[in-house]
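*Asks:* Okay, here's what each chain looks like letter by letter:
2 protein chains.
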Amino acid sequence: MTHRNVVIVGGVAGGASCAARLRRMDEGVGILVLERGPFVSFANCGLPYYVGDVIRDESKLLLATPELFRRRFNIEVRTGNEVTAIDRKAREVEVRDVGTGRVYRESYDALVLAPGAAPVRPPLPGIDLPGIFTLREVPDSRSIREWIESRNAHRAVVAGGGFIGLEMAENLAHRGLEVTIIEMADQLLPPLDVEMAGYVRERVASNVAHLQLGDGLAGFEQASSGGLVVRTQSGASFPADLAILSIGVRPETDLARRAGLELGERGGIRVDDRMRTSDPHIWAVGDAVEVANTVSGERELIPLAGPANRQGRVAADVIAGRDARFRGVQGTAVCGFFGMTAALTGATEKSLRRAGRDDFEAVYLHTPHHAGYYPGAKPIHIKLLFRKPDGLILGAQAVGEEGVERRIDVIATAMQMGGTVFDLEQAELCYAPQYGAAKDPVNLAGMVASNVLRGDVEFAPWCDLADTSAFVLDVREPGEFQCGCLHNAVNIPLGQLRDRLAELPRDREIWINCGVGQRAYYACRILSQHGFRVKNLSGGYQTYCAWESETSK
Amino acid sequence: MTHRNVVIVGGVAGGASCAARLRRMDEGVGILVLERGPFVSFANCGLPYYVGDVIRDESKLLLATPELFRRRFNIEVRTGNEVTAIDRKAREVEVRDVGTGRVYRESYDALVLAPGAAPVRPPLPGIDLPGIFTLREVPDSRSIREWIESRNAHRAVVAGGGFIGLEMAENLAHRGLEVTIIEMADQLLPPLDVEMAGYVRERVASNVAHLQLGDGLAGFEQASSGGLVVRTQSGASFPADLAILSIGVRPETDLARRAGLELGERGGIRVDDRMRTSDPHIWAVGDAVEVANTVSGERELIPLAGPANRQGRVAADVIAGRDARFRGVQGTAVCGFFGMTAALTGATEKSLRRAGRDDFEAVYLHTPHHAGYYPGAKPIHIKLLFRKPDGLILGAQAVGEEGVERRIDVIATAMQMGGTVFDLEQAELCYAPQYGAAKDPVNLAGMVASNVLRGDVEFAPWCDLADTSAFVLDVREPGEFQCGCLHNAVNIPLGQLRDRLAELPRDREIWINCGVGQRAYYACRILSQHGFRVKNLSGGYQTYCAWESETSK
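Residue numbers (my numbering), protein chains in the order written: chain A, 2 to 554; chain B, 2 to 554.
Pulled out of the complex, with its shape left as it was, chain A reads as follows:
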């Protein structure tokens, strides 16, 4: 059965993709897109960069116009038209023309909901004062720009240190503003594991005026000077000429809920893998729906543009009578800030622990993004999580200046295909000295993990270091050791180890540390073959510093 008359609510990523794909699949169907805002198919991921004047021309953000949709796709797009109700029985939607206030009805054979998600705006004292912004649509970014320019703003508070918060902080700093970031969690980029977020914190802290972690918003006041005062739960207060709320988004499910469509446990619209809601004539796509996480199997809210686009295509295919299915989401994401990139895919250690899992291992690497002998090599910090004992890749996080997204993309692709760490070990990737290494960081991550699974090395858990009764051995050179070392560590450089075995205990476990984990691995191999009980501290002193600074707060 194909549908002759399709109405799509929302015309940005998922809705616009669905409309265009549907037209390609079916030249005869009627397609009407109803978009509440003034624009269709705009680049919402570009909004922070328009605020920052990196993107200078607002028209660049408009990827398509209603006119283009009409001419190219024979699709009718009505911006400024909000769907206010769904009459499922009559298969009609109630629409309000935002400009004129006129209310009218449109009938559908198939309805696609792509309403997106709205920035959270908590009911705090003073929340409605002028100068407090969220960022969702083009006019929001225009308002922020105008506010900054007209008031000659020079101090901003960004509430929320997630992906959008960091992008906003970078862009405001790029415009010359002094930025304070307030984040409720004890870390920036809360999706990352805390020790990986340490590299983010370090970079951000040196590029903003103030970083307030582990503290929530309490409210806003008008300062006597005319600006704002932003108050936090800890009692701190920050003067600001403007404040940006980027403390998360909430799926726009009002319309669906009022229509009696089933919602999921996370509050999103429930859909099957054909993007169909509990009503067989209604589909839903994008930030408003819950989708299956391919790693955890759980249903999650994952407000990302890539999945939204693919979901729109699936809904279109199904409406056009095809057997398309959405594969689910593994949570690949990237964020750039102050010359640094953080990216992740799949599960994190904290998400696995939250799910009660302990059938996994984590390894850390700190490896140059290309051959160290070629000028300009920058470290990438990688954490790879994999299942024991089969090595199925569960997730990866990486932070660095160059080549970060490339390595996460490779691991994400391997994961999508059910890959193991042995596949990463063997991966044949592009290599020339300015692009990578004969053993690419991805290969190295796979090798380290494979070593664990083959029983060639065992890792000591960093979290137990403080309480361990193990003998802590540091195999770096004395000069490195003197610059900083683990508590109670004994230094025997790797090159002397074979000659100094007598100095090591046979009745205690030996935990071995070095700079980034490689020499400790060599030492583990030497000592274990000499009958010592040894464990490696994954990622070495580099990981220790990240771990220590983030967990001892």
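For the record, the hints were derived by calculation from the structure and aren't laboratory data.
There's no promise every hint is true.
For identical chains, the list gives no copy identity; a pair is met inside one copy or between any two copies.
Subject to a maximum C-alpha distance of 30 Å in a straight line, what follows is the list of computed DSSO-like cross-link-like pairs (lysine-lysine) [to be verified]: (1) Lys440 with Lys61; (2) Lys90 with Lys351; (3) Lys379 with Lys90; (4) Lys440 with Lys379; (5) Lys379 with Lys61; (6) Lys90 with Lys61.
These numbers come from a predicted model, not from an experiment.
Starting from the known structure of chain A, fit chain B onto it as the hints suggest.
*Replies:* Below, chain B without anything else, positioned relative to chain A:
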């Protein structure tokens, strides 16, 4: 059975990896590395960049010293010691100390051959004149540097336009030399398909003094001024202060052949997937061996550092008594030159045709490396080859300025896992506007290919365009059309197509063209649903230009 006494011939990529891995696997085995040259474990991929003074310090090229091998790995390395013969019966090698001329023997339980490959130096007239160089070892690059500096050289001929040839051309140009490239094939980077090499030619041509394609070396003469004259088979001659021969490498199989080890059809040492030669006590790894190509199934010579390293590990594991296997090589490679990157993985169209295959399809894309609305987007030209009808990925080539190696790495990873174009379509990759697009170039490549396999679009073969009786339709805007179009093409902009169906023939096939293939796809969908017989010209006018300029020569 493990071996107590292992001799490794050659101490660079494969040999050095094998030695270090073997020590980690077996603390008790004796390991002796015999290296003919003066250095062990040096960065041969970095040599062109040392010539170019991008890498300024020769010591950066030395990744390890014999002293480090001794201290860290308890491995004896003898540089300047050449193995001249293998006595398989006695399990001994004959060694010549290059410095003293002393000849001695060493016995082995296991022998690993990692002799590498030597640059081809054809027996042409004048080939031994001073100023004609090949590049294999650190002293070669040092000699070239010294020659350039001491003679104040300003004109160089690079013979060979492959990977090393282009790297040398770039580096010599970087030093301010006028470079002429002479390449026997009609294209640069002969592993690429010719139309993809067009982008390379264009970039290189505008950065060197002269590009001589389709012409071979004939010989060298001493010029009266003291420099060289390089003569080609076509009768051209090029004055030069130095000439670099980078016309390929030949596996160093002398030792193996004289020892009666089996060689393969391509002239490399034959090994099984455990890297074992026809003698059960002898292994071979690296550029001298033939390895299985995982796409073609053929045995090939693939002189690349990554596979050499992995082969060294496999040989070490097997010698240490483990069940390791080498998976084969898919031919992932990358080359950077004059701000551009070319990369490939798997099969090319010409390698498939050479193998007599026609069960595949090729699609072209020309897509910005990140969101077009974010400043600085650069096109990536992609060619994706896949099997019909199941969509198994057979290979990919990409050329561009940014993000090229990342996309080839993702496709290489999917290929390694047996991925199809449907997997690329669904791939969940890193996206933020400065890193990619909600539909990443890899997704788009998968979508275009999937459209073919689902029967939604059919591609016309570019090679048949010149002779086709089809109606050629161009759906670009008139302004674009006027700047250049296909022979006999009729222009109807996409936006007018639905209203102008009457102008199109129903009795002939219609081949549709646009800028990069997207609008032509939309037009195909419109017209095929209206009963027209249509084909898309993949990659549009961009592909046409590349195709035309490279195949009409």
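*Asks:* Now tell me, hint by hint, if it's right for this structure.
*Replies:* Hint check results:
1. For a Cα distance limit of 30 Å, the shortest separation of lysine 440 from lysine 61 across copies, 18 Å, qualifies, whereas the shortest one inside one copy, 40 Å, does not.
2. Within a single copy, lysine 90 and lysine 351 get their C-alpha atoms no closer than 44 Å, and across copies no closer than 59 Å, so neither meets the 30 Å cut-off.
3. Taking CA atoms no more than 30 Å apart as the test, lysine 379 paired with lysine 90 passes in neither setting, with 60 Å inside one copy and 50 Å between copies.
4. Within a single copy, lysine 440 and lysine 379 get their C-alpha atoms as close as 16 Å, and across copies as close as 28 Å, so both meet the 30 Å cut-off.
5. For the homomeric pair lysine 379 and lysine 61, the shortest alpha-carbon distance between copies (16 Å) is at most 30 Å, but the shortest distance inside one copy (32 Å) is not.
6. With identical chains, the CA atoms of lysine 90 and lysine 61 are never at most 30 Å apart, being 41 Å at best within one copy and 75 Å at best between copies.
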